[in-house]
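Chains as they are written, first to last, in this note's numbering: chain A, 1 to 255; chain B, 1 to 420.
To be clear, the hints were calculated from the coordinates, so they are not data collected in a lab. Be a bit skeptical, because a hint or two may be false.
[Said to hold, decoys possible] Mimicking SDA-like on lysine to any residue, the simulated pairs with C-alpha atoms at most 25 Å apart in a straight line are:
hint, chain 1, residue 1, chain 2, residue 2
1, A, Lys63, B, Lys418
2, A, Lys232, B, His292
3, B, Lys41, A, Ala148
4, B, Lys193, A, Leu32
5, A, Lys63, B, Glu74
6, B, Lys418, A, Thr52
7, B, Lys418, A, Pro44
8, A, Lys35, A, Gln113
9, A, Lys37, B, Arg416
10, A, Lys37, B, Ser343
11, B, Lys418, A, Lys35
12, A, Lys232, B, Gly417
13, A, Lys35, B, Glu74
14, B, Lys418, A, Ala55
15, A, Lys63, B, Gln293
16, A, Lys232, B, Ile156
17, A, Lys63, B, Arg416
18, B, Lys418, A, Leu62
19, B, Lys41, A, Lys232
20, A, Lys21, B, Ile156
21, A, Lys63, B, His292
22, A, Lys37, B, Glu344
23, A, Lys37, B, Asp256
24, B, Lys418, A, Gln113
25, A, Lys37, B, Thr348
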Amino acid sequence: MQSETTTATAQSTVDPAEIAKFEAMAAEWWDLNGKFKPLHMLNPCRLDYITTQIAGEFDRDLKVPAPFAGLRILDIGCGGGLLAEPMARLGAEVVGADAAERNIPVAQIHAEQSGLEIDYRHTTAEAMAEDGEKFDVVLNMEVVEHVASPIDYLTACHDLLKSGGLHICSTINRNPKSYMMAIIGAEHVMRWLPKGTHEWSKFITPDELFDLLRQAGLDPVDRKGFVFNPVKWTWGLSDRDLSVNYVTASLRPAD
Amino acid sequence: MDNPCLPPHICHMDFDADIAIVGGGLNGPALALAMATAGQKVILIDALGVTVRKDAGFDGRSYALALTSTRLLEGIGVWERIAEHAQPMLEIKVTDGRAGEGPSPMFMHFDHAEIEEGPMGQMVEDRHLRRALLEAAKDTDGITQINGRRVVAQDIDPAGITLTLDDGQTVRTRLAVGADGRGTGTGARAGIKRVEWRYAQTALVCAIQHEEPHNGIAHQFFMPPGPLAILPLTGNRSSIVWSESERNAARIHALDDAGYLEVLRPRFGDFLGEISLAGARYTYPLGLSLAHQMVAARVALVGDAAHGMHPIAGQGLNAGLRDVAALAEVVADAARRGEDIGSEAALTRYQEWRRFDNASLALATDSFNRLFSNDNPLVRMARDVGMAAINALPGLRRGFIREAAGLTGDLPRLMRGKPI
Numbered sequence: 001m002q003s004e005t006t007t008a009t010a011q012s013t014v015d016p017a018e019i020a021k022f023e024a025m026a027a028e029w030w031d032l033n034g035k036f037k038p039l040h041m042l043n044p045c046r047l048d049y050i051t052t053q054i055a056g057e058f059d060r061d062l063k064v065p066a067p068f069a070g071l072r073i074l075d076i077g078c079g080g081g082l083l084a085e086p087m088a089r090l091g092a093e094v095v096g097a098d099a100a101e102r103n104i105p106v107a108q109i110h111a112e113q114s115g116l117e118i119d120y121r122h123t124t125a126e127a128m129a130e131d132g133e134k135f136d137v138v139l140n141m142e143v144v145e146h147v148a149s150p151i152d153y154l155t156a157c158h159d160l161l162k163s164g165g166l167h168i169c170s171t172i173n174r175n176p177k178s179y180m181m182a183i184i185g186a187e188h189v190m191r192w193l194p195k196g197t198h199e200w201s202k203f204i205t206p207d208e209l210f211d212l213l214r215q216a217g218l219d220p221v222d223r224k225g226f227v228f229n230p231v232k233w234t235w236g237l238s239d240r241d242l243s244v245n246y247v248t249a250s251l252r253p254a255d
Numbered sequence: 001m002d003n004p005c006l007p008p009h010i011c012h013m014d015f016d017a018d019i020a021i022v023g024g025g026l027n028g029p030a031l032a033l034a035m036a037t038a039g040q041k042v043i044l045i046d047a048l049g050v051t052v053r054k055d056a057g058f059d060g061r062s063y064a065l066a067l068t069s070t071r072l073l074e075g076i077g078v079w080e081r082i083a084e085h086a087q088p089m090l091e092i093k094v095t096d097g098r099a100g101e102g103p104s105p106m107f108m109h110f111d112h113a114e115i116e117e118g119p120m121g122q123m124v125e126d127r128h129l130r131r132a133l134l135e136a137a138k139d140t141d142g143i144t145q146i147n148g149r150r151v152v153a154q155d156i157d158p159a160g161i162t163l164t165l166d167d168g169q170t171v172r173t174r175l176a177v178g179a180d181g182r183g184t185g186t187g188a189r190a191g192i193k194r195v196e197w198r199y200a201q202t203a204l205v206c207a208i209q210h211e212e213p214h215n216g217i218a219h220q221f222f223m224p225p226g227p228l229a230i231l232p233l234t235g236n237r238s239s240i241v242w243s244e245s246e247r248n249a250a251r252i253h254a255l256d257d258a259g260y261l262e263v264l265r266p267r268f269g270d271f272l273g274e275i276s277l278a279g280a281r282y283t284y285p286l287g288l289s290l291a292h293q294m295v296a297a298r299v300a301l302v303g304d305a306a307h308g309m310h311p312i313a314g315q316g317l318n319a320g321l322r323d324v325a326a327l328a329e330v331v332a333d334a335a336r337r338g339e340d341i342g343s344e345a346a347l348t349r350y351q352e353w354r355r356f357d358n359a360s361l362a363l364a365t366d367s368f369n370r371l372f373s374n375d376n377p378l379v380r381m382a383r384d385v386g387m388a389a390i391n392a393l394p395g396l397r398r399g400f401i402r403e404a405a406g407l408t409g410d411l412p413r414l415m416r417g418k419p420i
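The following block holds chain B by itself, in its conformation from the complex:
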């Protein structure tokens, strides 16, 4: 062999790191931290500069982190940085409502006291989570960040993958991970096709300040135009996610703040007292987007790059973090066995672990939405009876609570509170 091998008998073949991660939003840095915790060298690439991503003011977006997701964040040293900004979600109340009529008497009530693991989830604002992840990544030796650079090409060879950035710089690793969202990126460059469904619906997202305390209770109202969720934030603040038909949403979004609140107020009544906006308002067109494959040669996809789903149950980030925990575990185990971490053998294990879970979750939230967005009186009666039945049966209710807390399925070690 003509390239001199570095001792001890491993030719490094000019690898810049073990893994390149494209996308420095939430899943990307979380994966970088999990991989670095497992002893892997990581290069984290993002098209935007760090300051742009980190120092955005409170933009009104927040996440309902499942218990398993907070365990993962604990395991990678991020939770301690955001714990003080997190609001525990102690109860979830689900009600079938109809605008102007108030909620129907049938409802479901999930209380964390019914399961032993603690709160069902934690509400965390996007800005806090993003900053904590990026700062933890910066403080970690095994992670090198390349910011403000776009990947323009990726080429595979038998031993690795080379990414070419827009300044001509190249990054060669054993594995490249696409954490770059549902647009054209790592997956498309690897030849992975996607299937998309668009709903004629748009999510309206904002944060509100209210008079009365929320007591850690999350509410989900199902109404004909679409669901409305009230999720508790720290202090007397809540995050609102609400969906409307595309046309109505555009009209409501165009209103001024006072007009917007006028529309919002009657939809969930006055139990929180007077409300005002706390932060910017956003709209997101709703749709489902699934990659045909989660892996290709020397490439793996996580989060929205693999599956963008309807945000109905706030499961998008939780599903992404499950990908992160599973991929980190597959890679860590492969490395400890001496396997090639970017090999088809290793990547297939990740795909088989995650694909079924993701596709079924995406379809479940899809049908949940279709069921609850329906104003047909028969459908409405059936779902009211169904909700009352679930509420009356403690076993079934506990099952739903555990599902919401992310405690079902084949959990990665980091989501069971174990070291990677």
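In isolation and in its complexed conformation, chain A is listed as follows:
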């Protein structure tokens, strides 16, 4: 319902000047060296984790075209569609949700230019859970450190999953190193992120996140670190180093 109204709004009542503005914003979201450079740098590594987890959980072969056909995937905090588009390209039916209204037409325009159909909605996880929406996979990447009540939010993510569904959640650890890297490093020294993007006290340790996931009714099954290699200037996955950015996989137990 909500998606139809949003789509209709975007296509019928937005004036051309607005569309030009959204196109410029879409270009900004997808500019590798622009404002979202850190996300673009992290993206291949996030996608490696996400695609491998989904393929493993739903027994899919990533070497064939459209391996995620038949899966319904929700991307929370979809922004310009950096994760939603790859999921759609892999054949999934994708809903992208963002609490920031202006991201929706921006993401829609880019998906359309890319020849992808994605259902972008200005809504929240809680509102969608209340509407009774269900998904095979919920992607919850770099969001939980920004919400007011992580437990309420993760409970909504649980409710959005079908029985046996997969929840992938990444965030930032809380320790002196993450303070140095994520706030001093990324926001102040490298200027990768605007100052004030993160509030260190909201960061969550992997053990705390596992506890929260369990409280929300999910079964944590995996965790890995996203580690930046300053020599290769790329991100990679690590089994052991979860000291700054890390990602988890958890399942909604079968009813």
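Chain B: place on chain A using the hints.
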């Protein structure tokens, strides 16, 4: 959206294939096979018909394939088609010689027995390699060939690239690859500029038949006019690559076969017994040609289209096949992540992987040539001492052997013998 989307929720937007490859010589078909192995749909376009390219007689050209290149060919199902025509290169002897004087006593000797990976390379004739690649491409489902058609225009849009052929037919894909050599082609149409150096030198290329067996030994003589390489082919045959000043080369090339052999004979002595020509003779002007960029929007370049180099160490095709293996891996990984395979993000990874390697190889062969083509006695003494030093130090020598076998650097999976 008004164009109906094909299930499952992907609008195909009239794509004819995932990738269009322009150029059906060696790198083009190799890339098509690597991409098809990774599940991509490929259209391979060449201006010439297949028969013209495939059925040429032995034209005297051959390649020293590095170990890593033969691994790539194994991985894409081509090696099994040419293995019987390949001559393993077991040793390389490098000698500083001077015409009329015979080789100097200082030399370097590289033996594959010093590294565990096997022969340093395989000598393969152009005709066998070309035929094997084209036949493998024909037998592969994911590859469609368009032959005898020239690309006349290429246009990009946010989601893809459209090539227009000389018969008006269009081909729309996510990515177009230029494997079309150093002339004006895909790269130039994408606005990529090139930088060129010309040497006043020409390579003379031929194949010879000789009395004595070569025992799998390759020789490289460095002489003032330029280097001369003797590379073992199957049977009692060797491939000769030799460079001379432009003027001398033109004069030698104009001689009849007997006259040509008269000039050639004293340059490498009589250790192979009596020699005769086996196939046509060729000349290639030597030069270095580097594209400023290996990628542009929805375009990537491989092989000579990106970097035409001095053929001094036979590294041109090996470098091209490294491009092929790297690009195929970048595209395969991007596709498996759901990324747009023709996006700037994916293509930048390919360029960053390959560009440094290619530029440094081109410059290294360039300075190698300048060093060894010099007849200044001091330079000559210095390089003789240097060669003797390398020969005396096993660690350094092993390093050179591994470099010749292509085993150094950040290798793509297909060159490590792993599936793509």
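The hints, checked one at a time:
no.: 1; hint: A:Lys63 to B:Lys418; result: holds, 15 Å
no.: 2; hint: A:Lys232 to B:His292; result: holds, 22 Å
no.: 3; hint: B:Lys41 to A:Ala148; result: violated, 47 Å
no.: 4; hint: B:Lys193 to A:Leu32; result: holds, 23 Å
no.: 5; hint: A:Lys63 to B:Glu74; result: holds, 20 Å
no.: 6; hint: B:Lys418 to A:Thr52; result: holds, 19 Å
no.: 7; hint: B:Lys418 to A:Pro44; result: holds, 21 Å
no.: 8; hint: A:Lys35 to A:Gln113; result: holds, 21 Å
no.: 9; hint: A:Lys37 to B:Arg416; result: violated, 32 Å
no.: 10; hint: A:Lys37 to B:Ser343; result: holds, 15 Å
no.: 11; hint: B:Lys418 to A:Lys35; result: violated, 37 Å
no.: 12; hint: A:Lys232 to B:Gly417; result: holds, 23 Å
no.: 13; hint: A:Lys35 to B:Glu74; result: violated, 44 Å
no.: 14; hint: B:Lys418 to A:Ala55; result: holds, 21 Å
no.: 15; hint: A:Lys63 to B:Gln293; result: violated, 30 Å
no.: 16; hint: A:Lys232 to B:Ile156; result: violated, 31 Å
no.: 17; hint: A:Lys63 to B:Arg416; result: holds, 20 Å
no.: 18; hint: B:Lys418 to A:Leu62; result: holds, 17 Å
no.: 19; hint: B:Lys41 to A:Lys232; result: violated, 31 Å
no.: 20; hint: A:Lys21 to B:Ile156; result: holds, 22 Å
no.: 21; hint: A:Lys63 to B:His292; result: violated, 33 Å
no.: 22; hint: A:Lys37 to B:Glu344; result: holds, 13 Å
no.: 23; hint: A:Lys37 to B:Asp256; result: violated, 64 Å
no.: 24; hint: B:Lys418 to A:Gln113; result: violated, 36 Å
no.: 25; hint: A:Lys37 to B:Thr348; result: holds, 14 Å
Consistency note: the structure conflicts with the earlier hints numbered 3, 9, 11, 13, 15, 16, 19, 21, 23 and 24.
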